[in-house]
Amino acid sequence: MIDADVLGHRTYEPGSPTHAQVVAAFGPDVLAADGTIDRKALGGKVFGKPQELKKLTDIVWPAIRALAEDEIAKVRAAGTACVIVLEAAVLFEAGWQDLGDEVWVNIVDRAVAIARAIQRDRLSQSTVESRLDAQLSNAERIARADVIIDNNGTPEAMQAQLRTHWQRIVDAPSFPSPPPATA
0 MIDADVLGHR
10 TYEPGSPTHA
20 QVVAAFGPDV
30 LAADGTIDRK
40 ALGGKVFGKP
50 QELKKLTDIV
60 WPAIRALAED
70 EIAKVRAAGT
80 ACVIVLEAAV
90 LFEAGWQDLG
100 DEVWVNIVDR
110 AVAIARAIQR
120 DRLSQSTVES
130 RLDAQLSNAE
140 RIARADVIID
150 NNGTPEAMQA
160 QLRTHWQRIV
170 DAPSFPSPPP
180 ATA
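In this text, residue positions in the sequence shown follow numbering that gives the first Met the number 0: the first is 0, and each later residue adds one.
The hints are simulated quantities; they were obtained by calculation from the structure and are not laboratory data.
These numbers were taken from a predicted model, which means no experiment stands behind them.
One should not assume that every hint holds.
To be verified - List time: in silico DSS-like cross-link candidates among lysine-lysine, alpha-carbon distance up to 27 Å:
1. LYS54 to LYS44
2. LYS54 to LYS39
3. LYS53 to LYS39
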């Protein structure tokens with residue numbers, strides 16, 4: 000699995016072109032004492048400010064995409080996986096849906112998302128609501144998805160849906176044989 004959030008952290012590494020662009024765009028006060036990007040300080044400059052957030056995503060999203068494309072190419076060249084999963088919360092917003100053969104979305108009702116985020120992240124309801132308001136709605140995601148996973152129930156119920164859809168892929172006649180084991 001390729002995690003776009005992990006790739007996003009890599010784009011912020013000191014010495015990377017993205018790191019330099021972020022500092023140039025948002026100022027040296029987004030740097031932590033060790034020279035890394037202080038994501039909280041940066042977040043304070045962009046959340047709730049659509050133009051500033053767009054400035055940041057215009058810098059970071061192309062860099063993340065390039066890393067994702069590189070990771071996908073490496074896995075394909077090595078022949079080590081029959082299926083490559085790219086996990087990306089902003090797949091549609093960033094325009095990355097063309098990187099794969101299917102797009103799966105995980106949806107959850109707004110009230111459930113708010114309650115879970117407040118409990119998990121210890122955020123205020125208004126903070127969570129403003130973050131949700133900045134995202135695509137469930138209806139927008141559903142309209143653009145190949146597979147919809149409903150995450151309103153238990154983790155086990157969600158995992159059962161994932162297993163069902165995964166099995167559909169594995170059982171498909173076009174599914175390649177697994178790579179040979181190496182000694």
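A quick look at each hint next to the structure:
Simply put, LYS54 and LYS44 have alpha-carbon atoms about 11 Å apart, close enough for the 27 Å limit, and the pair holds. With a C-alpha separation of about 17 Å, the suggested pairing of LYS54 with LYS39 holds against the 27 Å cut-off. For the hint linking LYS53 to LYS39, the alpha-carbon distance of about 17 Å falls within 27 Å, and the restraint holds.
The structure fails none of the hints (numbered hints given earlier).
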